[in-house]
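There are 2 protein chains.
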Amino acid sequence: MELSKRVQEMQFSPIRKFNPIAQKAKEDGKKVYHLNIGQPDVETPACFMEAIRSFDEKVIAYAESGGITVLQDAIIDYFKMYGMDYKRENIMITSGGSEALTMTFLSIINEGDEILMPEPFYTNYHTFATEAGGKLVPITTKAEEGYHYATKEKIEAVITPKTKAICCISPGNPTGNVLTLDEMKLIGEIAKEHDLYIIADEVYREFAYDGRKVTSFGMLDEIADRVIIVDSVSKRFSACGARVGCVVSKNADFMEGMMKIAQGRLCVPTVDQIGAAALYRLPASYYDEMREEYCGRRDAAYEELMKIPGVICQKPGGSFYITVKLPVDDMEDFLMFLLTEFEDNGETVMFAPAEGFYITPGLGKDELRIAYVLNQKDMRRGAELIRLGLEAYKNK
Amino acid sequence: MELSKRVQEMQFSPIRKFNPIAQKAKEDGKKVYHLNIGQPDVETPACFMEAIRSFDEKVIAYAESGGITVLQDAIIDYFKMYGMDYKRENIMITSGGSEALTMTFLSIINEGDEILMPEPFYTNYHTFATEAGGKLVPITTKAEEGYHYATKEKIEAVITPKTKAICCISPGNPTGNVLTLDEMKLIGEIAKEHDLYIIADEVYREFAYDGRKVTSFGMLDEIADRVIIVDSVSKRFSACGARVGCVVSKNADFMEGMMKIAQGRLCVPTVDQIGAAALYRLPASYYDEMREEYCGRRDAAYEELMKIPGVICQKPGGSFYITVKLPVDDMEDFLMFLLTEFEDNGETVMFAPAEGFYITPGLGKDELRIAYVLNQKDMRRGAELIRLGLEAYKNK
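Same order as they appear, the protein sequences are chains A and B. Residue numbers for the first sequence follow the numbering used here, so the first one is 1 and each next one is one higher. Residue numbers for the second sequence follow the numbering used here, so the first one is 1 and each next one is one higher.
Read the hints as simulated data drawn from the structure, not as lab findings. Treat the hints with care, as some may be off.
[Stated by the list, open to error] Here are the simulated EDC-like pairs of lysine to aspartate or glutamate, each with C-alpha atoms no more than 16 Å apart in a straight line: (1) A/Lys5 / B/Glu256; (2) A/Lys58 / B/Glu347; (3) B/Lys30 / B/Glu347; (4) B/Lys152 / B/Asp195; (5) B/Lys5 / A/Glu111; (6) A/Lys394 / A/Glu355; (7) B/Lys250 / B/Glu222; (8) B/Lys58 / A/Asp41; (9) A/Lys17 / B/Glu64; (10) A/Lys365 / A/Asp333; (11) B/Lys58 / A/Glu50; (12) A/Lys192 / B/Asp253; (13) A/Lys5 / B/Asp253; (14) A/Lys377 / A/Glu303; (15) A/Lys17 / B/Glu256; (16) A/Lys58 / B/Asp41; (17) A/Lys162 / B/Glu2; (18) A/Lys5 / B/Glu111; (19) B/Lys87 / B/Asp77; (20) B/Lys325 / B/Glu303; (21) B/Lys5 / A/Glu256; (22) B/Lys58 / A/Glu43; (23) B/Lys31 / B/Asp378; (24) B/Lys192 / B/Glu222; (25) B/Lys5 / A/Asp253; (26) A/Lys26 / A/Glu341; (27) B/Lys192 / A/Glu2; (28) B/Lys17 / A/Glu64; (29) B/Lys162 / A/Glu2; (30) B/Lys17 / A/Glu303; (31) A/Lys5 / B/Asp113; (32) A/Lys396 / A/Glu341; (33) B/Lys5 / A/Asp113; (34) A/Lys58 / B/Glu111.
With the hints as constraints, model all of the structure from the sequences given.
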């Protein structure tokens with residue numbers, strides 16, 4: 001009774017695997033600053049629970065497999081804000097961005113197909129690709145270059161006849177890299193030339209700072225048939241536990257394939273969809289407020305991180321992550337030290353070692369990712385603890 | 001930009017595909033009795049929404065990937081009612097029984113592996129198996145024999161070296177067949193001899209009538225390592241739109257594989273889990289009440305169906321479905337007639353043609369499934385409309 005090969009190839013979440021050790025540190029009385037996971041401390045807008053509380057159907061019935069129209073319409077109006085024009089049949093509601101990606105891969109990837117993936121990248125893509133039998137092929141980027149990948153040379157160097165799609169997470173997790181509309185156009189041209197799908201993971205869409213415009217592959221009409229946008233309420237509205245996302249595409253064949261899978265799993269929970277509809281109807285001022293909040297956190301964390309001797313990091317333009325390179329041979333060993341041996345006034349810090357964000361073996365061992373999901377004061381203190389911890393680690 | 005082979009092989013839900021035609025009939029002013037889909041009209045117990053309404057965390061955060069402990073503990077106590085003893089690590093919360101099955105297949109099935117499936121069966125198993133590259137191999141059953149399949153001969157006849165698992169939906173969808181504990185033991189012995197997993201889909205567990213005892217593969221300690229129980233709140237608590245289910249297994253390796261997939265998709269929505277915990281804590285009297293309610297509906301529908309000249313059906317012992325054989329060559333054609341040409345006092349009826357519930361080509365063309373999810377009066381009228389419709393169809 002063996003398990004499937006695919007599940008044997010999968011890894012446990014490298015972001016979550018240090019949780020038991022952090023738990024132990026807390027039980028021993030240490031305060032741990034959690035910069036390791038993208039769980040914001042920002043309050044979920046009250047309209048989410050208010051909408052749910054006022055739901056009064058007597059029977060909690062199956063919803064439509066593609067999603068409830070109230071939510072689809074709210075999403076259509078949300079995209080209109082950015083000049084993008086969708087119809088209900090272009091919007092499929094999913095259980096978070098995660099299911100959107102799982103279903104997308106199952107719909108387009110055959111055993112052995114290749115998917116281009118700028119590395120470092122959000123680790124769960126490993127799982128989504130492996131479920132569909134696909135192979136992630138890295139476009140390797142560097143801390144020294146701000147993790148930039150949008151050049152014809154870099155992308156075409158790894159295209160083969162088996163390449164089926166390119167994934168673009170923008171604003172990026174874990175790098176914070178934000179694609180400009182011109183870079184998106186370039187990727188669109190490459191995709192056209194090599195007949196690729198573009199999987200555009202834009203769940204951090206509004207989190208673009210320093211005057212950067214909100215961009216989306218959905219703004220490019222000339223490649224509308226090959227663009228698959230993945231969206232989610234998790235980060236934008238600090239509603240990770242709502243598990244509501246969607247796939248947006250004007251490719252009717254693709255959406256038809258997705259519907260077959262969607263009907264198999266029946267629907268996304270009704271009440272969360274109702275709550276999510278309220279979130280998507282928040283005014284534009286909400287995004288401005290969030291942008292300002294996260295930008296302040298980024299600045300606080302970045303300023304403090306740059307005080308670490310030997311740190312390599314270009315100021316990231318978006319999302320709520322910073323990946324930095326440090327003069328450390330083995331980041332996991334350093335993290336273990338922070339959680340088990342180090343403390344400063346009874347406090348320590350947790351981050352995500354970046355190795356798990358790479359496909360290429362050996363890369364990322366000297367990098368870490370922090371999520372700036374805590375308030376400015378905590379972000380500063382967390383980054384400071386990394387610096388103090390590193391001093392102690394070096395002097396061990 | 002082709003779609004994946006798997007998605008091309010999948011079919012749209014045969015239960016849902018007549019919906020647009022039924023919709024048209026309604027727009028034309030006909031009343032349609034929906035006996036086609038397992039969406040009960042029973043009110044969801046109020047404790048579900050009450051628990052959700054009283055949830056007052058400020059941040060809707062990610063839940064644990066395996067589920068919230070409040071729900072796991074409620075499920076543990078629920079199983080204790082039947083003398084089954086589980087720990088939290090044996091319980092993984094999923095987005096309904098659907099995700100439980102998808103994840104199970106992804107965890108144990110390799111490309112080309114075979115899964116034994118008594119036919120007719122719940123059609124979405126096609127989708128779940130295809131997602132994992134597995135092949136459903138039918139154990140064919142007959143209306144004349146009450147769709148009985150639990151014999152050594154029938155099961156062993158289709159076992160090959162590629163067989164990895166046997167699926168048992170009991171009480172059955174769409175047949176209403178209920179396995180006795182002795183039959184489960186027999187299946188357990190066969191599974192042991194041929195080294196198979198048993199996927200025990202027991203979402204209708206309490207819906208067993210005429211003095212039949214509640215049975216579960218979880219009651220058999222000697223095969224605990226090969227049993228994977230799929231459970232759900234959808235039918236038992238009339239909470240289909242909550243999308244909460246679980247996988248229950250004492251096989252630690254299997255549960256570890258499942259956790260890798262679970263971490264990839266992060267978690268099941270928090271508020272639905274909180275609501276589901278309240279449902280699993282309902283007193284045993286709730287099940288008695290539901291059992292009585294559905295048994296009355298079954299009796300009403302069965303009595304009325306048996307008035308149809310030429311009908312073949314053994315009274316089903318459980319779940320809330322009846323599959324019957326009628327003197328009709330093409331049930332889809334008959335259904336089209338009912339929805340587009342027939343009416344009796346402005347009313348007609350919709351059922352699920354059974355062909356989609358079979359793997360073997362050609363089978364089920366003269367069978368239909370009804371779900372007795374409406375009140376007795378409506379069930380009687382629905383069954384009567386099938387009889388009247390058939391008369392009209394024959395006289396056409």
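Hint check:
1. A/Lys5 / B/Glu256: 14 Å, holds
2. A/Lys58 / B/Glu347: With a Cα-Cα distance of about 25 Å, the restraint between A/Lys58 and B/Glu347 is violated, given a limit of 16 Å.
3. B/Lys30 / B/Glu347: 5 Å, holds
4. B/Lys152 / B/Asp195: Cα-Cα ~15 Å, so holds.
5. B/Lys5 / A/Glu111: Measuring from Cα to Cα gives roughly 9 Å; hence the hint holds.
6. A/Lys394 / A/Glu355: 20 Å, violated
7. B/Lys250 / B/Glu222: 11 Å, holds
8. B/Lys58 / A/Asp41: 9 Å, holds
9. A/Lys17 / B/Glu64: Roughly 13 Å separates the two Cα atoms, so the pair holds.
10. A/Lys365 / A/Asp333: 10 Å, holds
11. B/Lys58 / A/Glu50: Roughly 12 Å between the alpha carbons, so the hint for B/Lys58 and A/Glu50 holds.
12. A/Lys192 / B/Asp253: Status violated; Cα separation ~44 Å.
13. A/Lys5 / B/Asp253: 13 Å, holds
14. A/Lys377 / A/Glu303: Given pair A/Lys377, A/Glu303 holds - Cα atoms ~12 Å apart, limit 16 Å.
15. A/Lys17 / B/Glu256: 13 Å, holds
16. A/Lys58 / B/Asp41: Holds, at about 9 Å.
17. A/Lys162 / B/Glu2: Since the Cα atoms of A/Lys162 and B/Glu2 sit roughly 12 Å apart, the hinted pair holds (cutoff 16 Å).
18. A/Lys5 / B/Glu111: Given that 16 Å is the threshold and the Cα spacing comes to 9 Å, the pair holds.
19. B/Lys87 / B/Asp77: 10 Å, holds
20. B/Lys325 / B/Glu303: OK: B/Lys325 and B/Glu303 at ~15 Å, within 16 Å.
21. B/Lys5 / A/Glu256: Within the cut-off at roughly 14 Å; holds.
22. B/Lys58 / A/Glu43: 5 Å, holds
23. B/Lys31 / B/Asp378: 12 Å, holds
24. B/Lys192 / B/Glu222: 9 Å, holds
25. B/Lys5 / A/Asp253: At roughly 13 Å apart (the allowed maximum being 16 Å), A/Asp253 and B/Lys5 satisfy the hint.
26. A/Lys26 / A/Glu341: It holds: about 13 Å lies between the C-alpha atoms, which stays within 16 Å.
27. B/Lys192 / A/Glu2: Within the cut-off at roughly 14 Å; holds.
28. B/Lys17 / A/Glu64: Holds, because 13 Å separates the two Cα atoms, which is no more than 16 Å.
29. B/Lys162 / A/Glu2: 12 Å, holds
30. B/Lys17 / A/Glu303: 58 Å, violated
31. A/Lys5 / B/Asp113: Status holds; Cα separation ~12 Å.
32. A/Lys396 / A/Glu341: 10 Å, holds
33. B/Lys5 / A/Asp113: Distance ~12 Å between B/Lys5 and A/Asp113 Cα, so the pair holds.
34. A/Lys58 / B/Glu111: Judged against 16 Å, a Cα distance of about 43 Å means the pair is violated.
Hint violations for this structure: numbers 2, 6, 12, 30, 34, all remaining hints satisfied.
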